[in-house]
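Could you put together the complete structure from these sequences and hints?
One letter stands for each residue in the lines below.
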Amino acid sequence: NAGVTQTPKFQVLKTGQSMTLQCAQDMNHEYMSWYRQDPGMGLRLIHYSVGAGITDQGEVPNGYNVSRSTTEDFPLRLLSAAPSQTSVYFCASSYAYGGLAAGANVLTFGAGSRLTVL
Amino acid sequence: EDQVTQSPEALRLQEGESSSLNCSYTVSGLRGLFWYRQDPGKGPEFLFTLYSAGEEKEKERLKATLTKKESFLHITAPKPEDSATYLCAVQAYTGANSKLTFGKGITLSVRP
Chain A
1111 NAGVTQTPKF
1121 QVLKTGQSMT
1131 LQCAQDMNHE
1141 YMSWYRQDPG
1151 MGLRLIHYSV
1161 GAGITDQGEV
1171 PNGYNVSRST
1181 TEDFPLRLLS
1191 AAPSQTSVYF
1201 CASSYAYGGL
1211 AAGANVLTFG
1221 AGSRLTVL
Chain B
23 EDQVTQSPEA
33 LRLQEGESSS
43 LNCSYTVSGL
53 RGLFWYRQDP
63 GKGPEFLFTL
73 YSAGEEKEKE
83 RLKATLTKKE
93 SFLHITAPKP
103 EDSATYLCAV
113 QAYTGANSKL
123 TFGKGITLSV
133 RP
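Going line by line, the protein sequences match chains A and B. When you number the first sequence by my numbering, it's gap-free, plus one each residue, and the end is 1228. When you number the second sequence by my numbering, it's gap-free, plus one each residue, and the end is 134.
Pulled a few chain B residues facing chain A out of the computed Cβ check, cut under 7 Å:
1. G65
2. P66
3. Q113
4. F124
5. G125
What the hints contain is simulated information worked out from the structure, not anything from laboratory work. All figures in this text were calculated on a predicted structure; none of them were measured in a lab. Positions of the beta carbon are idealized from the N, C-alpha and C atoms, including for glycine.
Here is the structure:
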């Protein structure tokens, strides 16, 4: 059981380049999300999805796109990278985030992808 | 606006020296308060969820408590392997769009 798998672990981009961070989970979780973690700040939500074909914006969505064609995969696309997008990105999933059942709101995180934009 | 403040920012303990980490919060209708552990270069790992004031949860050397304004993570007789960053987060109301607000984290170092 691999959990949440993110690729790549490290990436360096030049300003204006585009790229996709990959996220896959094998736990059949309906809810998937992307966070960014910056020094001196808490984790901030970028985008989330409650199931295949359904996505929505989080707290800091500008400059990022997402899609959810399958339950397993939730890629994050940077359309035109900027130095302000230098960060560590985490994908997280939950079997029923927002629900009332015990454990429904627990997030399982991937190991992270460290992105540097020059 | 929901807010989470964790203190201290960093804590250095000697092995066996018990202490507490603080998480103060303001939230419009608490659905749950979460503690996560994060090791360097890894993603956060779930520790506890607390739902109501007075609730306590324990796991090995860790014990989490909750009041209406703050939560404490008590570490009893810590070991070097307890060294990590501990994150606190609060969730307001229910629903898939319910916001999870994270604190900045507390970096704990335990010296042998």
